[in-house]
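Peer 1: The residues making up each chain are set out below.
Protein chains: 4
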Amino acid sequence: MPLTPEQRDEIDQQRSNPVQTRRATVPALEEILYEAFPALDHGFVRVIDYMGDDGAVVQAARVSYGRGTKKVSEDAGLIRYLMRHWHSTPFEMCEIKYHVKLPIFVARQWIRHRTANVNEYSARYSILDKEFYIPEPEHLSAQSEINRQGRGDVLQGDEAARVLDLLREDSERAYRGYAEMLNQDDQGAALDPNRSGLARELARMNLSLNYYTQWYWKVDLHNLMHFLRLRADSHAQYEIRVYADIMIDILQRWVPMTSEAFRDYRLGGTHLSATGLAIVKRMLAGEIVVQGDSGLSKREWRELMEQLGRSPDA
Amino acid sequence: MPLTPEQRDEIDQQRSNPVQTRRATVPALEEILYEAFPALDHGFVRVIDYMGDDGAVVQAARVSYGRGTKKVSEDAGLIRYLMRHWHSTPFEMCEIKYHVKLPIFVARQWIRHRTANVNEYSARYSILDKEFYIPEPEHLSAQSEINRQGRGDVLQGDEAARVLDLLREDSERAYRGYAEMLNQDDQGAALDPNRSGLARELARMNLSLNYYTQWYWKVDLHNLMHFLRLRADSHAQYEIRVYADIMIDILQRWVPMTSEAFRDYRLGGTHLSATGLAIVKRMLAGEIVVQGDSGLSKREWRELMEQLGRSPDA
Amino acid sequence: MPLTPEQRDEIDQQRSNPVQTRRATVPALEEILYEAFPALDHGFVRVIDYMGDDGAVVQAARVSYGRGTKKVSEDAGLIRYLMRHWHSTPFEMCEIKYHVKLPIFVARQWIRHRTANVNEYSARYSILDKEFYIPEPEHLSAQSEINRQGRGDVLQGDEAARVLDLLREDSERAYRGYAEMLNQDDQGAALDPNRSGLARELARMNLSLNYYTQWYWKVDLHNLMHFLRLRADSHAQYEIRVYADIMIDILQRWVPMTSEAFRDYRLGGTHLSATGLAIVKRMLAGEIVVQGDSGLSKREWRELMEQLGRSPDA
Amino acid sequence: MPLTPEQRDEIDQQRSNPVQTRRATVPALEEILYEAFPALDHGFVRVIDYMGDDGAVVQAARVSYGRGTKKVSEDAGLIRYLMRHWHSTPFEMCEIKYHVKLPIFVARQWIRHRTANVNEYSARYSILDKEFYIPEPEHLSAQSEINRQGRGDVLQGDEAARVLDLLREDSERAYRGYAEMLNQDDQGAALDPNRSGLARELARMNLSLNYYTQWYWKVDLHNLMHFLRLRADSHAQYEIRVYADIMIDILQRWVPMTSEAFRDYRLGGTHLSATGLAIVKRMLAGEIVVQGDSGLSKREWRELMEQLGRSPDA
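Here the protein sequences line up with chains A, B, C and D, keeping their order.
Under UniProt numbering, the first residue of the first sequence carries the number 1, and numbering increases by one thereafter.
Under UniProt numbering, the first residue of the second sequence carries the number 1, and numbering increases by one thereafter.
Under UniProt numbering, the first residue of the third sequence carries the number 1, and numbering increases by one thereafter.
Under UniProt numbering, the first residue of the fourth sequence carries the number 1, and numbering increases by one thereafter.
The shape of chain A in the complex, shown without the other chains (with noise of 0.2 Å):
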C-alpha cells in the first residue's frame, strides 16, 4: 500500500475539481490524472501534469498558426514519417510530468538520463519512512552465467529463502540504526529529548540502496520514448522495467498515433549494421551464408540470427 489516507485525500482533492482551459486536453489522460499506478512492492508512477498531444506533435511539425489537419489518417502518417526519419523536435514540443516512488537503486539507474528536470525527496531535509524494496520471490534470480550483467535462473529452496532473509533483516536493522541515530522512537518522538540527534544529512547513509525515495520528474516526448526504449527492454534490469512499462501504457493513453509509431519503429523496430545488411541481402538473393563467411565475429552473428528469428547454426 504506497500511499496513506491523507495522501489519498490529496489526490481525491486535486481530481475532483475540473476547470476549463483552452489548452490541447486529452481525455483519457485527464480520467487517470493524478492517480497513483503501483509498481513493485512500495512504489508507484503518477502523472501530474502534461502538455501537448499528438496534434501538437503535427502542428509543430509544421510551425502552424493552428492545429493543423483534420484528416487523422495525414497526421498518424506525418508521425510515423517524422518517426521513421528520427525527426525529434517535433516529439519534444510535448511534455509530461510524473511523481514516482522507487527505491534508490533503481533512482540511481533512472537518473543517468540527464535530459529531463528532477526535484527529489530530501533526506537532508526530511526523514524517510521505513520502505524497503523486496523482490517477489520469481524476481529472485542467480548471476547469469553466460553474461556478466544479467540474470540466469531463479533461485530456489533454502538459497531463495535464506536471500529474502538477509535482505529483510539487514534492511530492518539499518532503519533500526538510522532512527536512533536520529534519536527518534517508532513514533517519530525524541527516544532522549535532550538530545537533537544526528543531522539527517549524516545519518541517511545507513540506510540500504532498496529504500524508498520518491521524486517529480518531467520530461518531453522525444526524451520519454528515448528513455522508455532502454528502459522496457529485455536487456534492463526488471526493477526498472516495471515502471518503464507503466509508462509505455500511459503513453498510449496520452499520444495514441506517437504510440503506435514508436512500438513499431523503436520497440519493436530493430537495427541492422552495414554487414549485417550486406547478409540479409545475400540471403534474400538464395545465398546460404554462414558465420564464416559473414564478416562478423561469433558474438555478432549470434546476435544478428537472433534479430532475424533464426539459428545461429542454420
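Because identical chains share one entry, a pair is satisfied inside a single copy or across any pair of copies.
As a list, the in silico DSBU-like pairs of lysine-lysine whose alpha-carbon atoms are at most 35 Å apart: (1) K71 to K298; (2) K298 to K281; (3) K71 to K130; (4) K281 to K71.
Think of the hints as simulated: they come from the structure by calculation, not from any bench.
Using the hints, position chains B, C and D against chain A.
Peer 2: Just chains B, C and D now, kept in the frame of chain A:
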C-alpha cells in the same frame, strides 16, 4: 500587420472552445492564450501552451502529494527563498510554449540559448514571405564610440534617410532575386511553366538577415528567466529586448509570485565581486574609498560606482 | 583562398612548437592539428584541440585506473559492442574542438545541434569580411518535383547563368549597402570622418544568408557522431555535407577503431520497424511479399525496398 | 588507503611516458596528472585528462586564428570582464576529466549536475569492494535546530561513540549479507561451488549509501565553476565540499587567471536583490535603515546584514 485573415480565423477557432481539465490552470494566462502580441514591424509572440503555475513550483520544492500550502504568503516566501538561493529545479517544473515571428538576425541570437526546444519554419521546404524588418527612425542608432558592442546616438537627417533607403531597396531587391530564382511571380505562380526553379534550400541564401522567420519555442520556467535576464538587459540588442519585454509581461500573468521574485532578485538585482563587496563594507564603515586604493581597474571601478548609483569621481 | 598570409603565419606558429605531455595523444591527428581543410568556396574546418583517443573510450567503459587492455583486438571488439548496443557514455569521454568557417545558412542548420559548445565571430562587435558563397555550377540544382525538401536535376544554360548572376550581384550589392551604412570605404577607412556610421549590430542585417561566418565548435565524440550521421546523410543539404565529409575523414585519423564501428553501425547501417522486420523474416522464409499484404503504405514499402536494395515492384 | 599496489603501478606507468603534442599544455597540471588526491577515508580525485588553458578562453572569446594576445595583463583583464558579465561560452571551450572515488550518498548529490559526462563503475557487472565511509568524530554533527537542512554542534561522548558503532556495525553487516547472497567468501571464492549466487544487480541493494563507488566525470570549465560555486559553498554538505575544495586547488593549477576571477566574482562575490541594493544605497547616503522600514522579511534582513558583515540589530 503580422497575421493574415486566415491565420486570425485559425487562432479564433482555437480560442473559442474551452474544455475541461484537472490540470493546474491559470485564468489570467488562458485569457491571452493563442493571441498574437505584435513585436517590431512584422513580428509577434503568442503563447501556445503552458504547464504549471506558482503552485507547481511550491509543490515540486516539497515533492508533495497535493497542491501544497493553502496560505499564499507562505508560498510567496518559499518562492523568494528558492530564487534567493539559486534553487533552479523547482522552477524547471513549469513549461511554456510560444509561437514567435522574428527577424533572422534576432533568431540567431535567440537560438544560442540551447536549453529549449525549437521547431523553425523550414525554408528548405516552404517559400518565405516577403517580410523584412526596417527599424523605426528612433532606433536607427550610430555605432557607439566607447563600446564596440553598443549603440550611440540616433542617426539624423540625410544619414538616417540614406540608411533606411538602403535597407529597403536591398531587401526588396533580395526578394526579387529570390522569387526569380524560384521561378515565381508575385502571385506565387510559375514565371516559366517549363521550369521548376532553383531548389528552395539554395534560393533562400539570397535573402538578408532582416527577413522574418518563425518558430515554436518551448522552455521551462527556470531557463526562461535566465533567457529574460540576459535579453531584457540594457546591454542586449534593442530588437531582441522588444521580445523579452513582451515575455516578461506574460510571465507576470502566468506566475505572479515567481515574477515578483524574479524582478527583485534578477532583473533589479546586482552582483558584487569579493573586491567590490569589501569596498562597500569600507564605505558603509564611513571610509572614503577612491579608485586608486580600491584594487579595481578604472573600468571595474566605473562599473561598480554605476551599480551603486554613485559618481565614479566622488 | 580562405586564409590571409597573417592567418597562415599564426597557424604555422602554433604548429611549430611541440611540447611534452602525459595525456593520451594521437600522432595522426597531431599531424594535421590547426591545418585548414578547405570547404566550399571560402570555408574551412580546422581541428584546434582534442581530448582522448580510442583507448579513452575503453578506459571509461571499464572505469579503469590505467590504459585498459593491451590487446588491440579486444579494444576494437568492446568498441563495436558499445556501438551496437547504443552505449553512449564512454564515447562522451572524448572531445574535439574545431574552428569552422561556413555560410550563415549552413551555420543555421548546424546550430540546431544543441549538445555542443560554440563561440561565433560577433558581427555586433566586428565587421564581417566580404566573402559570400556561390555554388559551383554542378551543385546548382532545381527544386525536386517529388520531394519538397530536396534537389532535382542540375540547372542548365541560361537559367543557371541567370541564377549565378543574381546571386553574385545581390551579394555584391548587399555588401556595398553594408559598408556604406557603416561609413566605410573599401580599405576600411571612414567615408565621412565626421560620422560614426550605423551600429554594427544593425548594419549586419543587410547581409544575405550566403555570407560567411566562423566559429569555434567543441563537441564530444558521441554527439559528434550523431551530428555526422545526420549531416553526412544523403538527405542532408549538400553544403553541410561537405563539412560533415571532411570531419568524417578527420574522425578516422583521431579514433580509427571508433570510426570503423561508426561506419559499420551508423553510416552504413539501417533501421527496420517491427513491420519491416516481419516482412524480412517472411521473405527469408521464402515467401513472396507484395506491398498490398505488407502492412505498409506505398511510401513506406518503397523506402523499405530501397533499404534492402530491391525493386519496389519485385 | 584508497589505492592497491596494482593500481599505483598502473598510475605510475601512465605518468612515466611523456610524448610530444602541439596542443595547449599546462605544465603545472601535467605535474599532477593521474595522481590520486585523497578525499574522506577511502575516496580520491584524480585528473585523467584536460583540454585547453587560460589562453583557450581568450582565443575562443575572440574567435582568433592563433593564440591571441601576448600580453598577460590583457588576457587577465578580458577573463575578468567575461566573468563579470556572465559570458559563459568562452569558458565552455576548456574541458577536464576526473576519476573520482566517493560515497554513494555524495554521488547522488553530485549527479544532479546534469551538464557533465559520467561513466560509473557498474555494480550490475562487477562486485563492489568492502569500503564504506565513517566520518571523523569532528564531523559527526547533530541536526541543526534552526536550519532543517543543516548541521549543528558536534556530537559528544556516548552519543558520538554509539553513532560510530552503529555506522560501522551496520556497514559491516550489510557487506556480509551482500557477499553471502553473492555466494562469495572473503577471498572472492565461491562459498558453495554448486551455486552461482544472487544476481549482482540485485545483491547490491543490500549495501548502504556510505559505500564507495567511483566514476569518470568530465565537464567543461564553465559548468565546473558552476558546480564548484554550489558545492564549495558553506551550505553544501561537508562530505561533498571536501571534493570541491580539492578541485578548486586543481583549478588554480590549470587556469590561474580564470581561477583568480572565479574566486573574486563567484566564490567571494555576493548577490543583492533590487530591495537589498536600495537599502545599501540608502545606507551609503548616510541613512540609518532598520528591518521594519527595509521592505525585507526578518529572515531576508538577517541574510542581507550577514552579507554586508553587519549585525542584524545595528
